[in-house]
Each structure stands twice: as C-alpha cells, then as structure tokens.
Amino acid sequence: SQKIEQNSEALNIQEGKTATLTCNYTNYSPAYLQWYRQDPGRGPVFLLLIRENEKEKRKERLKVTFDTTLKQSLFHITASQPADSATYLCALVGAGGTSYGKLTFGQGTILTVHP
Amino acid sequence: DAGVIQSPRHEVTEMGQEVTLRCKPISGHDYLFWYRQTMMRGLELLIYFNNNVPIDDSGMPEDRFSAKMPNASFSTLKIQPSEPRDSAVYFCASSLREDGTGELFFGEGSRLTVL
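Protein chains in written order, with my numbering: chain A, 384 to 498; chain B, 103 to 217.
Okay, chain B solo, but in the shape it has when bound:
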C-alpha cells in the first residue's frame, strides 16, 4: 500500500480564497483524522471520521472549516474563506482503531500559506 496520500503538498493562496485539501486513507482503515500543525500550537486534532461518518468535530476552529468523507477512500478539508492565520501544515491520518490502541498512519501533509 502507498500509505496515506495527501494533496496538494504545498498551497499558496490569497486571503479570502477557498482552499480544498484532499486525503486518501490506507485501504481498510475505518478511521480518518485531520490534524493541523503549527509552531505555536503543535499538532491539533480538527475532526475525525469512523466509517465515513464524522464523529467529533470539536477541534474545527470555526465555520469557515468543513470536512467531508463521501466514501471510504476519500476525504476533503475545505477552508472558505481562508485567512492568514490558517497558514499551517495539515495532516491526514488513518487508523484501524480510534481508541488509541492502533497506531496512526500520517500522510506527508499539505503545507498551506495564506497571504
């Protein structure tokens, strides 16, 4: 398996533009997580899905952020409109179990810069 695949790897956009980040989890993994990493706040959990259903989105910063998982092999994280403070590296991860006994497999991340 190729692992968790994220795209784009880098995105530079201007404030106010819509940003869509994409993730393909490892086949067979029932859980998908979106994290954001910044120097100031480290790795923060934004939202996670189980069998394509959002379970906990309490980490989503505000209504400008939305995430979907239309099927088991694809998820998107959308920011609309984007702001400079959204600049960060966004990671997608998948796991066989969400109760902590299963390791998380992370993608390489999408580095977002909002000017």
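Bound-form chain A, shown alone:
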C-alpha cells in the first residue's frame, strides 16, 4: 500500500542551526511534492512545490530536494529561528491511476527551535 513517512515526530534544534526534515514514500509515483507549515490551531500553509524532474528548489532560507530514486524529499531551513517552530507536512501528488491529482499528506514533523 502507498505510504508517506516523515522522520521522527519531533525535531529539536538550536537557533541558527540548519533543520533538516525527511519525507520518504513507498509504492508511489508522485508527479509533484509540496511542503506545508502548520501552526497550532491553524490550517496548513503552502511553502514550496517541487516537480519530479527537479532536483532542488529554494525559497529564501528554505531548500527542498527531491530524489525519485531514493523516494525521498529533504526539507532544509537554514539559520533557523524560534519563529520557525511549527509542524511541517509533506504532501505528494500522484502521477497516475487512482492517485492522480490527489494530494496525500504525511503525518508531519514538529519542529522546535530553541533560542
């Protein structure tokens, strides 16, 4: 069955360090992968999208990589700040079949950046 796994439920780092979050998937042929941020009591907010033929995408302090061979995406936040503390969700969009067009989310990783 299709599965999306995000590494560890929680990640704690010190301010200024780089946070690296992992999204692994199995039995999937994603066309696109998206990352969202969710704050407590709020809806998810879109951050970045990366296509299957793209290796890397950047936006300010954010960087996403997508390795379809390893079936993995890495999400990096450089020079992390306490304001980056939130839950980060990866979401995959299927390339075909019954999963086409559906955005399926991972369970999320809770990131806490300590001052």
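Calculated directly from the structure, the hints in this document are not laboratory data.
Just to be clear, a hint being listed does not mean it is correct.
Below 27 Å or equal to it, Euclidean Cα-Cα: the simulated DSS-like pairs (lysine-lysine) are [said to hold, decoys possible]: (1) Lys442/A - Lys485/A; (2) Lys440/A - Lys454/A; (3) Lys485/A - Lys170/B; (4) Lys485/A - Lys454/A; (5) Lys180/B - Lys485/A; (6) Lys126/B - Lys485/A; (7) Lys485/A - Lys438/A; (8) Lys400/A - Lys440/A; (9) Lys446/A - Lys485/A.
Some chain B residues well away from chain A (every beta-carbon gap over 12 Å; in silico) [as the list claims (entries may be wrong)]: (10) Val114; (11) Gly118; (12) Thr122; (13) Val155; (14) Ser175; (15) Phe176; (16) Glu185.
For clarity, every value in this text was computed on a predicted model and none was experimentally measured.
Heads up, the beta-carbon is just placed ideally off N, CA and C, and yes, glycines get one too.
Keeping the supplied structure of chain A fixed, place chain B upon it in accordance with the hints.
This is chain B only, laid out in the frame that chain A set:
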C-alpha cells in the same frame, strides 16, 4: 480576499445529532477539498469538487457523511448521525488547479467534538 472561510470554528454536539460544516472558498478557485485531521491518521482527503461537481469521494468514511457544493462560493459537509469517532478538525481548502501544481489554500478548520 479573506481566504477560505469555515464555520463554525468549534462545534460540540452529542452522539446522534446532525452536524453541518460550512465553507466559502476563495473567489475564482475552481477546486474545493474537504480534509479531516486527527492525531492518529493525520490529514485525510474526504472529497473534492471541480466547478461544483464532486470528482472523488472515495475518502468519505461512510454513508453518514455527505458533501454538497450548490454554487461556486459555498460548500457543506454534513454528518448525520454523528458519532464520537467523528471528533476531529475538518479543513476546507481551495485551489486553482487540482493536479498538484497549484497550492492549496486552507481555512482555519472546524474543530468537532462529538460526546
């Protein structure tokens, strides 16, 4: 634009009662999605609409759940009768494109508690 608007933000009801959740998507967005979020299962897609027409309702848990979109600016998700296991946060999201290249804009969610 005010974003995706959901109501009510919180709903507490007793088992067996009917629950109606409401959503107003962003004007001009052709796609509307209903998701449910729980600690155990994360974010699950329930149903989505394109131009007011339901496209995929395979995520709707059972016949107690129904969703409608009578016009481009309004959708409802109804649970009748409600059960304690329906307790969750229900999110509505809208998008310009459903094939994954467009970001999803989420509302703030409706937190449902069924006693």
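Results for each hint:
1. Lys442/A - Lys485/A: holds (24 Å)
2. Lys440/A - Lys454/A: holds (16 Å)
3. Lys485/A - Lys170/B: holds (19 Å)
4. Lys485/A - Lys454/A: holds (18 Å)
5. Lys180/B - Lys485/A: holds (22 Å)
6. Lys126/B - Lys485/A: Status holds; Cα separation ~21 Å.
7. Lys485/A - Lys438/A: Since the Cα atoms of Lys485/A and Lys438/A sit roughly 22 Å apart, the hinted pair holds (cutoff 27 Å).
8. Lys400/A - Lys440/A: holds (20 Å)
9. Lys446/A - Lys485/A: holds (24 Å)
10. Val114: Given that every Cβ of chain A is farther than 12 Å from that of Val114/B, nearest at about 16 Å, it holds.
11. Gly118: holds (28 Å)
12. Thr122: holds (19 Å)
13. Val155: holds (14 Å)
14. Ser175: holds (18 Å)
15. Phe176: Correct as stated: the minimum Cβ-Cβ distance to chain A is 18 Å, above 12 Å.
16. Glu185: At about 23 Å from chain A, Glu185/B clears the 12 Å cut-off, so the statement holds.
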